[in-house]
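> In case you want the letters, here they are:
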Amino acid sequence: MHNLLRLIQKYGNFLLFLVMEVAAFLWLFSEQKLQQSTFLASSNSAIASYNLLLTNADEYFHLREENGALAAENARLRERLHRLESVVEDSVERDSSYVYSHLQWDYMPARVVDVATNSGHNYLVLNKGSRDGVREGEGVLSHDGVVGVVSAVNRHFAQVIPVIHPKMRLSCRIHRNGQMGFLEWTGPSSRYANLTDIGRHIVVEEGDTIETNGLTGLFPEGVTIGVIDKVELPEGDTYYNLRVALATDFKSLRYVQIVHNPLTAEQDSMRVKK
Amino acid sequence: MKWVRIILFGLLMLFVQTTVFNNLHTLGVCHPFVYVLFLICLPVMPRWAEQLFGFAMGVAMDCICSSPGIHTAACAMVSWLKPMLLARMVQESERIVGPIVAASAGVQPFIRLSVLLTVLHHLTVFALDAWSWSQWWWVLLEVVVSGAVTIGVLFVYGFLIHRS
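Protein chains in written order, with my numbering: chain H, 457 to 730; chain Z, 207 to 370.
A couple of the hints might just be wrong.
With a cut-off of at most 20 Å between alpha-carbon atoms, the simulated SDA-like pairs for lysine to any residue come out as follows [said to hold, decoys possible]:
hint	chain 1	residue 1	chain 2	residue 2
1	H	466	Z	227
2	H	707	Z	287
3	H	707	H	526
4	H	466	Z	225
5	H	686	H	711
6	H	686	H	632
7	H	623	H	711
8	H	707	Z	227
9	H	466	Z	252
10	H	466	Z	253
11	H	707	H	599
12	H	707	Z	228
13	H	686	H	660
14	H	707	H	659
15	H	707	Z	336
16	H	707	Z	291
17	H	686	H	659
18	H	707	Z	254
19	H	623	Z	351
20	H	466	Z	346
21	H	707	Z	347
22	H	466	Z	347
23	H	707	Z	290
24	H	623	Z	228
25	H	686	H	643
26	H	686	H	703
27	H	584	H	663
28	H	707	Z	253
29	H	466	Z	255
30	H	707	Z	252
31	H	466	Z	291
32	H	707	Z	351
33	H	707	Z	344
34	H	707	Z	271
35	Z	208	Z	253
36	H	584	H	610
37	H	623	H	485
Please keep in mind that the hints were generated in silico from the structure rather than gathered at the bench.
Put together the whole structure using the sequences plus the hints.
Below is the structure:
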């Protein structure tokens, strides 16, 4: 006992340092296993309120940009409305299932209250939660393109794992020729990701648009993900190395839309049966 | 009163960091953590108290920034190393005991101490954040760019304190 006390007296500061480091690394390791812990910490009422306060203050400095973006989105929505109206008119004589496939998606606007885009733990926190009807596994879009997938939900907030996350692998296609591939992110820049599984026999060009293929049931078909920015075909390799410039600018992201597909469960159940 | 001033200074640094410097994303590599100024400028006090202040600052940053233990690990390390480095760099007689003591230790020791602790802090934060050495060049770039901005802010602060 006496020796223990002497030890603490002599190396007390170092032991305290060790305890603190162990606590910090346990926190870090728990995050490696489960993304939820940080989310829970960041969404507890005091921290969430502080983050909300910071977001509110930040918004005043970006009103002009937001106005521009909202005006552009209005224009796009108006155009989309016209297109859907014409689809509905056409379908009276044709097939109603075509209309349903286009109108099955519900969109819920949400605000980004917290974001990390420069690390291996990228995430977003939105100000909509289970109280508003948000569920895990729902897709998230910005007015520019795909953002990510809801990974955790509590009463007032939702956590989103963006496409710029090492664990994210999004099924997609090249708009021009319909070739399917996977979008993956290995970092470090939040502006670029990689398109994989595109074989060398396929013609790929810089500037080709990458979009969702609608197979996952998370996103509507044909939503822009980005544009092929760099094409490399290493000698003797079967697949291309394709760099994609992402349409969504995660660093300036403020408003998003959570996409709800009421048919996801039905679609998934068929996938299991298969 | 001394403790109240320290806590208020810590809260001020936390506020400045989260409102201003957390929103700087210049070129994607510039993420200065100027709150390290709080740890560098803590007055002479029992080491355990200094370590606890560092730990508290790290936990607060991690909770606000949703970074799991990264700032806590870096702050715990800086607040443990600082008294040892200060003792090596500055003679006992040269140390001036005041509210923000490291800054009044003299210009040269303050610069050396600030640079060393800032680089160590930023290196720890960015390396843990990347969680992989496959992007070591990016981590180093972040340390250099962000560290330079942080040190610039520290020097401006140190200069103002020195003049006053």
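> Of the numbered hints stated earlier in the document, which are not met by this structure?
1, 2, 4, 5, 7, 14, 16, 18, 19, 20, 22, 23, 24, 27, 28, 30
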